[in-house]
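Top to bottom, those sequences are chains Y and W. If you count the first sequence from 1, position 22 lands on 22 in full-length UniProt numbering, and the numbers rise without skipping. If you count the second sequence from 1, position 253 lands on 253 in full-length UniProt numbering, and the numbers rise without skipping.
You may find that some hints are simply not true.
It does not matter which identical chain is used: a pair holds within one copy or between any two.
[What the hints assert, rightly or not] Using 25 Å as the maximum straight-line C-alpha spacing, the simulated SDA-like pairs for lysine to any residue come out as follows:
#	residue 1	residue 2
1	K97	A316
2	K234	A22
3	K294	T272
4	K220	A287
5	K84	T149
6	K97	Q153
7	K2	Y311
8	K2	D196
9	K84	E29
10	K19	P128
11	K234	K269
12	K166	Q277
13	K120	A187
14	K91	L37
The set of hints was computed from the structure by calculation and includes no laboratory data.
2 protein chains.
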Amino acid sequence: MKQLSELQELITDAVDNLKFPAQPADLYEPISYILALGGKRLRPALLLMACDLFGGDVESAIEPAMAIEVFHNFTLMHDDIMDKAPLRRGKVTVHEKWNSNVAILSGDAMMVEANRLMMKVDNAILRPVLDIFNDTATGVCEGQQIDMTFEQQANVSIDEYLNMIKLKTAVLLGGTLKIGAIIGGAATADAQLLYDFGVNLGIAFQLQDDILDVYGDPYKFGKQVGGDILSNKKTYLLIKAIELATGSQADELNHWLTVQEFDATEKVKAVTSIYNQLDVRQYADEAMQTFAEKAFTALDTINLPEDRRQYLRQFADNLLVREY
Amino acid sequence: MKQLSELQELITDAVDNLKFPAQPADLYEPISYILALGGKRLRPALLLMACDLFGGDVESAIEPAMAIEVFHNFTLMHDDIMDKAPLRRGKVTVHEKWNSNVAILSGDAMMVEANRLMMKVDNAILRPVLDIFNDTATGVCEGQQIDMTFEQQANVSIDEYLNMIKLKTAVLLGGTLKIGAIIGGAATADAQLLYDFGVNLGIAFQLQDDILDVYGDPYKFGKQVGGDILSNKKTYLLIKAIELATGSQADELNHWLTVQEFDATEKVKAVTSIYNQLDVRQYADEAMQTFAEKAFTALDTINLPEDRRQYLRQFADNLLVREY
Numbered sequence: 001m002k003q004l005s006e007l008q009e010l011i012t013d014a015v016d017n018l019k020f021p022a023q024p025a026d027l028y029e030p031i032s033y034i035l036a037l038g039g040k041r042l043r044p045a046l047l048l049m050a051c052d053l054f055g056g057d058v059e060s061a062i063e064p065a066m067a068i069e070v071f072h073n074f075t076l077m078h079d080d081i082m083d084k085a086p087l088r089r090g091k092v093t094v095h096e097k098w099n100s101n102v103a104i105l106s107g108d109a110m111m112v113e114a115n116r117l118m119m120k121v122d123n124a125i126l127r128p129v130l131d132i133f134n135d136t137a138t139g140v141c142e143g144q145q146i147d148m149t150f151e152q153q154a155n156v157s158i159d160e161y162l163n164m165i166k167l168k169t170a171v172l173l174g175g176t177l178k179i180g181a182i183i184g185g186a187a188t189a190d191a192q193l194l195y196d197f198g199v200n201l202g203i204a205f206q207l208q209d210d211i212l213d214v215y216g217d218p219y220k221f222g223k224q225v226g227g228d229i230l231s232n233k234k235t236y237l238l239i240k241a242i243e244l245a246t247g248s249q250a251d252e253l254n255h256w257l258t259v260q261e262f263d264a265t266e267k268v269k270a271v272t273s274i275y276n277q278l279d280v281r282q283y284a285d286e287a288m289q290t291f292a293e294k295a296f297t298a299l300d301t302i303n304l305p306e307d308r309r310q311y312l313r314q315f316a317d318n319l320l321v322r323e324y
Numbered sequence: 001m002k003q004l005s006e007l008q009e010l011i012t013d014a015v016d017n018l019k020f021p022a023q024p025a026d027l028y029e030p031i032s033y034i035l036a037l038g039g040k041r042l043r044p045a046l047l048l049m050a051c052d053l054f055g056g057d058v059e060s061a062i063e064p065a066m067a068i069e070v071f072h073n074f075t076l077m078h079d080d081i082m083d084k085a086p087l088r089r090g091k092v093t094v095h096e097k098w099n100s101n102v103a104i105l106s107g108d109a110m111m112v113e114a115n116r117l118m119m120k121v122d123n124a125i126l127r128p129v130l131d132i133f134n135d136t137a138t139g140v141c142e143g144q145q146i147d148m149t150f151e152q153q154a155n156v157s158i159d160e161y162l163n164m165i166k167l168k169t170a171v172l173l174g175g176t177l178k179i180g181a182i183i184g185g186a187a188t189a190d191a192q193l194l195y196d197f198g199v200n201l202g203i204a205f206q207l208q209d210d211i212l213d214v215y216g217d218p219y220k221f222g223k224q225v226g227g228d229i230l231s232n233k234k235t236y237l238l239i240k241a242i243e244l245a246t247g248s249q250a251d252e253l254n255h256w257l258t259v260q261e262f263d264a265t266e267k268v269k270a271v272t273s274i275y276n277q278l279d280v281r282q283y284a285d286e287a288m289q290t291f292a293e294k295a296f297t298a299l300d301t302i303n304l305p306e307d308r309r310q311y312l313r314q315f316a317d318n319l320l321v322r323e324y
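With the sequences and hints as input, model every part of the structure.
Put into C-alpha cells, the structure is as follows:
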C-alpha cells in the first residue's frame, strides 16, 4: 500500500502538468489559477488510495482522480460567487480577480473537463463510473441549494441538517472512494461498502468541524474560533441549541441571533456559554460517534486483507482525531 | 422518413414528461420552468432526424435528444445571467424570477442531467457519443467567452467572428446531428459528414440572422429590425463595415458607435445607409453562400439514398430561405 502523502504528491504533479488551451484566455486562465491555489488534494488522493486498496494500477487512476479535483474546484468557483467570498485559500477568488461572468463560464468549462477526465477509464467500467460521478454531482448541487435555503429558513431540523451535509460534502467523499475501488477492480458490493464508509466518515468529519469551530484550539484548527457563531451559521450545535433552549436561554440565544451590532468576542463567549449549559457539544460528539461507527461497520465488512482494512481504519482515525 | 414537425412533437411530449424531484424546490423548479418556455425544439428534433436518416429507431434517440435540449437550456440559463437579460421567450428569466445564485446552481444541475440523459445509449456507442457531447459543450463555452470578449475588443476580424459563431452556435448543430447519426447506426465517415453539414449550415444560418437583423421584414423576422445596430453588436455586417470604411464614412460610423444619446430610428437609418454605401450586405450574402455550399458539398458526399439527401437539402433550404 502506498502512503497517502505519496499519493497526494502524485496528484500535485498531475495538477501541475494539466494544460489547458491558451485561448480564450478568460475561459482557461481561471481554471489554471484555481487549480494552482493548492489545498491538500485529499479527494483525488483518496481515489488513488481506493484503487490501490484493491490492487489496481494507481497510474491508471490518475486522470479520474484529477476529474474529482477539477470537479471539486468547479464547485468552489461557483460557490464562491454565490457566497460572495473575497478569498479562497488566502488568494483572491476568481469572480473577484476577473468577474462573475468569467467565474460562471470557467466553472462550466471545468465541469465539462471533469467529465472528459473521468472518461479515461476502461470501456468495461465507463458506465458505472460515470453513473456514480453524475449521482455525486447531483448530490453536491442539491446539498449546496439546501444549504443556501437554510440561510432563509427559520427552523432547520437535525435530520434536515444531516441530510444537507451528507449531500454537500459526504457524498463526494463516498463517490470518490467508490470510483477508485471500481477502477481498482473491486467487486460491486465492496465498492458500495467503501462508499458507505466514505459517506458516513464524511458526515462524522463535518460534525467534528462544527465542534472544532467552537471548541477547537485555534492554533491547531487553523480557523478563527467561533466563526460559525459570528455568522449565525446553522451548524449541528446551533440547531440543537435552538431545539433545546427554553425560557430565558431561548430569549438570550434569539437575542444573539438577531442583534445587528455586537462585540465579536462577547457574542462568541455568550453563545458558547449557552451551548455549554445545554450540553450541545455532547450531543454533537455522540452524533459524530454514531456516524464514525457506521463508517467502521461498513469498513469491517469489506472483503479486503486485514492489513488493508487496518490502513483504512488508521486513515479514518487520523481524519477524525484532530486536536481540540 | 418522419417529418420534422412530427419529430418536434415527439420532443415536446418528452419535455412535458420530463420529471425532476420536488426537492430542493429552488434547484429543480427553475429547470422545469425554463424547459416549459417552449421554443421550436429544433435541435433535439434534428438529433431524431439524423437517427431516422440512417434507419435508426427514433424512440431510442429521444433521451439523447432531450440531453441536447436540456444542455441548450442550461447554456441559456447561464447566458441570461451574464447578459443580464430580463426576458427569455417573452417570460421572466430564471435569475430575475428567482436570483442569480439559483440560476447558477440550477444550470449546473441541468448540465449533470444532460450528461445523464446523453448516457441513455447502447454501451457500444457510449464513449463516442459522450466524446462528441463534451467537445460540443467545450466549444459552446469557448464561443460564449469569445463573444463576451468581443464586447471589450476594439478590432475583431472577420475570421475571429466566423470562429466565434462556429463555436457558439454551429458546433452544437453539428454535434447534435453527429450524435443522432451515430445512434442511427451511421458509419463514422458519414456521421462526420453530417457534422460538417451541420456546422457549415449553422454558420450560414447565423450570417443570415445578421443580415435579417438589418434587412429583414420585421413582421416575418419576429424581431426588432436594427436591434444589433442599436446595441453596437459586432455582427458580420458591422465588422465588415469597420474594415471597409474610410474617411468621412469611418468618422460617421465611429460617431454612431460611440454616441451615448441618440434617436433609435435615426441611428438604424444612418448605420444602414453606411452599410448600403459599403455593400456589406453583399459580402455577408457571399459569405453565407460560401458556408451553405460547404454544407451542401458535405451533404452530397454522405452515403445515403438520394431521397434522404433530398430531404436534408430541403431542410437546409427551408432554414436558409427565410423571407427578407
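Structure-based check of each hint:
| no. | hint | result |
| --- | --- | --- |
| 1 | K97 to A316 | neither (37 Å within a copy, 44 Å between copies) |
| 2 | K234 to A22 | between (42 Å within a copy, 23 Å between copies) |
| 3 | K294 to T272 | neither (29 Å within a copy, 72 Å between copies) |
| 4 | K220 to A287 | within (23 Å within a copy, 65 Å between copies) |
| 5 | K84 to T149 | both (16 Å within a copy, 23 Å between copies) |
| 6 | K97 to Q153 | between (32 Å within a copy, 19 Å between copies) |
| 7 | K2 to Y311 | within (10 Å within a copy, 60 Å between copies) |
| 8 | K2 to D196 | within (22 Å within a copy, 48 Å between copies) |
| 9 | K84 to E29 | both (20 Å within a copy, 24 Å between copies) |
| 10 | K19 to P128 | between (27 Å within a copy, 23 Å between copies) |
| 11 | K234 to K269 | within (17 Å within a copy, 59 Å between copies) |
| 12 | K166 to Q277 | neither (28 Å within a copy, 65 Å between copies) |
| 13 | K120 to A187 | both (20 Å within a copy, 24 Å between copies) |
| 14 | K91 to L37 | within (7 Å within a copy, 40 Å between copies) |
Taken one by one, the earlier hints fail for this structure at numbers 1, 3, 12, listed in ascending order.
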